[in-house]
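J.: Those sequence lines, one after another, are chains A and B. Going by this note's numbering, the first sequence opens with residue 1, and the numbers climb by one from there. Going by this note's numbering, the second sequence opens with residue 1, and the numbers climb by one from there.
Source of the hints: derived by calculation from the structure; they are not laboratory data. Certain hints may be false.
To give an idea of the chain B side of the interface with chain A (calculated C-beta under 10 angstroms), a few residues [to be verified]:
1. 118
2. 183
3. 295
Covered stretches of chain B (in silico footprint by chain A; criterion: 3 or more residues with CB under 8 angstroms from a CB of chain A, positions within the stretch not fixed) [claimed, not checked]:
4. 48 to 59
5. 86 to 100
6. 141 to 147
7. 258 to 270
Virtual Cβ for every residue (Gly too), placed ideally from N, Cα, C.
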Amino acid sequence: MILVLEQLLNGLQYGVMLFLLAAGLTLIFGIMGVINLAHGSLYMVGAYAGTFVAAETGSFWLGLPAALGAAALTGLAIEALVIRKLYQRDHLDQVLATFALILMFNQLIVMLFGRSPVFTLLPAAFEGSVEILPGLYYPPYRLLIIGAGLLVAVGLYFLINRTRIGMLVRAGSTNRDMVRALGVDIRLLYTVVFGLGALLAGLAGYMAGPILAVQVGMGEQILLATFVVVVIGGVGSIRGAFVAGIGLGVIDTCLRAFLPGMLRTVMPASEADALGVGISSMGIYLLMALVLLIRPKGLFAAGS
Amino acid sequence: MRNRILALILILALAALPTITQELGEASLLALATRILIYGMAAASLNFILGYGGMVSFGHAAFFGIGAYVVGILASHHASGEPLFGIVPGTDQMLLTLPLAVLVAGLFAAAIGALSLRTGGVQFIMITLAFAQMLFFLFVSLKAYGGEDGIIIRRTNALPGLNMRDKATFYYVVLAITVLFFYGLRRLTQSSFGTVISGIRQNERRMAAVGIPAYRYKLYAFVLSGMGAGLAGALMANFLRFASPDMMHWTKSGELMIMVILGGVGTLFGPFLGAAAFLILETFLAAWSEHWPFALGLILLVVVLGTRGGLAALVQRITALVRRGVK
């Protein structure tokens, strides 16, 4: 029981990370109609910039603004130099141009920081583990991530549902051309949305640092899972990103934690482990295929 | 007529290549040329649905990898002497392995296509990617066939009467298959079937109104395209004497798309040019600097943002200029 609860919390933590990335991606997707494979690169940029500043200054908290700033600035630069030219192009050109960006960013990071993974320090107040239920010890840093993610979710909810910018974002993801026809400066809206998405990606990257290794290619590992979240949730829907992100995070974590053990009861251990890892890696893709076959536009598609 | 002469010159040049590389003493060039021919076929297969049919498949490396694994699995059963599933004996005869690889890749394409084609747009891109990733992880977890490390194929498949260990002989076999492949592809794109596929890309609703079942035609095209990629994969496994899950990783699918775009979407020889340009760039940039992916990314970005129609359009523009100059 304790083990199950612990894995559920781990799943929640992974799901929150996925949500932070997917929220930005789904807006960029839904409003601008751009498939941005380089979103994972922004996550990596945030992680490296924050970790670098944290290591130089010795303070975890000083790394945070550095991560957010670096990711947001990089995002704005990409938007101005590359993405802006892709709005009118088809998906194929978008996939390729942003794929090229991935190659360039990965190599830039190798040139600046080398290939070996960088490890980050935990903030002093969040080391060790706390007893959150009798017998259930859990690292407080992971709880911090869950808390931060939920806070962002609430913040986004108010931003999207209660502000003027949010109204334009909702309108934009339902019918882009109509918003433009009504005289809204859509280009400015695009820039704001892209910057916000980059900011959230940077936040996710920096928070992931102490748990996962900060290394080249870290963006691609989580990018595909993020795309699965966006597609399952429905393109352009923050609510969909939240539900699908948490759901996938929990399912993926639980599959990885429990499937090999369950298979071991019916087959030899070494084969069970290999097959268990394989099937649990396939899990999220299988889920996406199933969801798309039943609801071709995802669970909470905007404008459907 | 002019195109035929050009094609003939190209074939003759490619046929003379082994002799030329031997004279120059650059054996690695022959290996590069073999890879270009094989990837050219894979990219042209993808281009058939992507360029002609308008279906952006982001999981085409899956069929490439399946073709490779058919060769690898048959070879490993041939070496161990144990039949596959207890009934199918392994083999190392290319006359058997290539058709089988094409068939199996086609079956997978039929299953994946039948499900994926129910969606469209971004969802189609992502669902093809999802199926490819599933197959990738499936082969990673298959410990019996090497798991992550892949299978080493002890020797290249045999063809009666030929010494397939000789690099030049293998090159000629690949070249012959490539010529047949492109001849078939040209016939296919000019057939009524090819016209229907292009029509569906331009306006699916109108084609449906004319009375053409779009879904079925798209599925046929998807299966043919998967079979082409499977053929290329089977040849690649023979060339490398190796098959691994990396061959179906999503970045490989991305590379195939790069070749298509680089060369020119929806043209017959564009993907072939693209494969050549990509592999040559990769080889020479890698020799020049360890940071070659940066340069490759930059070139790719410039091509995507700056040119329309890729290398094929560039060649056409240049020949048009030259022709005007001659007049």
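J.: State for each hint whether it applies.
T.: Now the hints, each set against the structure:
no.	hint	verdict
1	118	holds, 6 angstroms
2	183	violated, 27 angstroms
3	295	holds, 9 angstroms
4	48 to 59	holds (count 3)
5	86 to 100	violated (count 0)
6	141 to 147	holds (count 4)
7	258 to 270	holds (count 3)
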